[in-house]
Amino acid sequence: MSTSDYTPKAKAKGKAYWHWNTTKTKLDFPTVIVFCCFFFVFGFLCSSLRSQRGRQLLNSVEYELMGHGKTGDDSISVIPFQVISWRPRAFYFPKFATLEQCQHIINLAKPYLAPSKLALRKGESEGPQDVRTSMGTFLSISDDPTGVLDAIEEKIAKATKLPRTHYEHFNVLRYELGQKYDSHLDAFPVEQYGPQKSQR
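Residue numbers (my numbering): -14 to 185.
Warning: the hint list may mix true and false statements.
Simulated crosslink set (DMTMM-like; lysine to aspartate or glutamate; CA at most 20 Å straight-line) [stated by the list, open to error]:
| # | residue 1 | residue 2 |
| --- | --- | --- |
| 1 | 95 | 129 |
| 2 | 140 | 128 |
| 3 | 80 | 135 |
| 4 | 182 | 109 |
| 5 | 140 | 59 |
| 6 | 143 | 59 |
| 7 | 80 | 176 |
| 8 | 165 | 115 |
| 9 | 143 | 58 |
| 10 | 102 | 85 |
| 11 | 55 | 139 |
| 12 | 95 | 128 |
| 13 | 182 | 171 |
| 14 | 140 | 58 |
| 15 | 182 | 153 |
| 16 | 143 | 13 |
| 17 | 143 | 153 |
| 18 | 55 | 138 |
| 19 | 146 | 59 |
| 20 | 107 | 171 |
| 21 | 55 | 135 |
| 22 | 95 | 49 |
| 23 | 102 | 171 |
| 24 | 102 | 161 |
| 25 | 102 | 153 |
| 26 | 95 | 161 |
| 27 | 102 | 167 |
| 28 | 146 | 85 |
| 29 | 95 | 85 |
| 30 | 140 | 129 |
| 31 | 80 | 138 |
By construction, these hints were calculated from the structure, which means they are not laboratory data.
Using the sequences and the accompanying hints, generate a full structural model.
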């Protein structure tokens, strides 16, 4: 900043008093934009660094294990998830199963795939139908000696907080291009379907 930016106002006892000449310091529009962009990027980077630091601190926390029963676990479970919606309730579990695990299940199910069936009402018989055109099969843990299904079911239990005794077999479905399952209700009125063990 040079003395040309100031103009003398008065002199007293050999000292000069100056005032700011604002007419010479106006910023043009491009300069303002550059400054705004700079501070935006700076603020964003600082925010990201603080967020990462917070996650690192959270991940570095050590927990004291509690005693557990026969059906409990001997370790702390951390399964990352994102809340997509509370109403209706929907959660996203990234990388819940590995690509290798998924391919293993596909290979395991392939020999057993058959046309998907429908729940029949009293008096109905199985026949050609256009409501559900997919292929599918059911797999249980005992069908997989490698333990992949067992590991996934255990992870599901930890994520849902529901015991494995409540689970059904894995239902593996394959939809080719153009195949479908029309809109339907998963309910079985007794007067239409007869007595049922459950509504599943």
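Results of checking the hints against the structure:
For the hint linking residue 95 to residue 129, the alpha-carbon distance of about 13 Å falls within 20 Å, and the restraint holds. For the proposed pair residue 140 and residue 128, the alpha carbon gap of about 18 Å is at most 20 Å, so the pair holds. A distance of roughly 17 Å separates the Cα atoms of residue 80 and residue 135; the hinted pair therefore holds under the 20 Å criterion. Between residue 182 and residue 109 the alpha-carbon distance is near 19 Å, which keeps this suggested pair within the 20 Å criterion.
For the given pair, residue 140 sits about 14 Å from residue 59 by alpha-carbon distance, which is consistent with the 20 Å threshold. A distance of roughly 13 Å separates the Cα atoms of residue 143 and residue 59; the hinted pair therefore holds under the 20 Å criterion. A C-alpha spacing of about 43 Å is found between residue 80 and residue 176, which places the hinted pair above 20 Å, so the restraint is violated. This hinted pair checks out: residue 165 and residue 115 have alpha carbons roughly 9 Å apart, not beyond 20 Å.
With a C-alpha separation of about 10 Å, the suggested pairing of residue 143 with residue 58 holds against the 20 Å cut-off. Between residue 102 and residue 85, the direct Cα distance comes to roughly 29 Å. Violation of the 20 Å bound is thereby established for this hinted pair. Distance hint between residue 55 and residue 139 is fulfilled; the C-alpha atoms sit about 15 Å from each other, no more than 20 Å. Using a Cα cut-off of 20 Å, the hinted pair residue 95 and residue 128 holds, with the two alpha carbons roughly 13 Å apart.
Restraint check for residue 182 and residue 171: satisfied, since their Cα atoms lie roughly 14 Å apart, inside the 20 Å limit. For a cut-off of 20 Å, the pair hint linking residue 140 to residue 58 stands: about 12 Å separates their Cα positions. The hinted pair formed by residue 182 and residue 153 meets the criterion: a straight-line CA distance of about 13 Å does not exceed 20 Å. Restraint check: the Cα-Cα separation between residue 143 and residue 13 comes to about 60 Å, which exceeds 20 Å; the hinted pair is violated.
Distance restraint check for residue 143 and residue 153: the Cα-Cα separation of roughly 16 Å lies within the 20 Å cut-off, and the hinted pair is therefore satisfied. Only pairs whose Cα atoms come within 20 Å are accepted, and residue 55 paired with residue 138 is accepted, the gap being roughly 18 Å. Under the criterion of a C-alpha separation no larger than 20 Å, the hint pairing residue 146 with residue 59 is consistent with the structure, at around 16 Å. Restraint check for residue 107 and residue 171: satisfied, since their Cα atoms lie roughly 16 Å apart, inside the 20 Å limit.
Between the alpha carbons of residue 55 and residue 135 the distance comes to roughly 18 Å, so the proposed pair stays at or under 20 Å and holds. At most 20 Å may separate the alpha-carbon atoms for a hinted pair to count; residue 95 and residue 49 exceed this at roughly 44 Å. Among the hinted pairs, residue 102 with residue 171 is consistent with the structure: their alpha-carbon atoms are about 14 Å apart, no more than 20 Å. Taking the CA atoms of residue 102 and residue 161, the gap is near 16 Å; set against the 20 Å cutoff, the hint holds.
For the suggested pair residue 102 and residue 153, the alpha carbons sit about 17 Å apart, so the restraint of at most 20 Å is met. Annotation: proposed proximity of residue 95 to residue 161 holds, straight-line Cα distance about 13 Å (limit 20 Å). About 13 Å separates the Cα atoms of residue 102 and residue 167, which keeps this hinted pair within 20 Å; it holds. Restraint check for residue 146 and residue 85: the C-alpha separation of about 25 Å exceeds 20 Å, so the hint is violated.
About 16 Å separates the Cα atoms of residue 95 and residue 85, which keeps this hinted pair within 20 Å; it holds. Distance hint between residue 140 and residue 129 is fulfilled; the C-alpha atoms sit about 16 Å from each other, no more than 20 Å. In summary, the hint linking residue 80 to residue 138 is supported, as the alpha carbons are separated by about 15 Å, within the 20 Å threshold.
Of the hints listed earlier, those the structure fails to meet are numbers 7, 10, 16, 22 and 28, in rising order.
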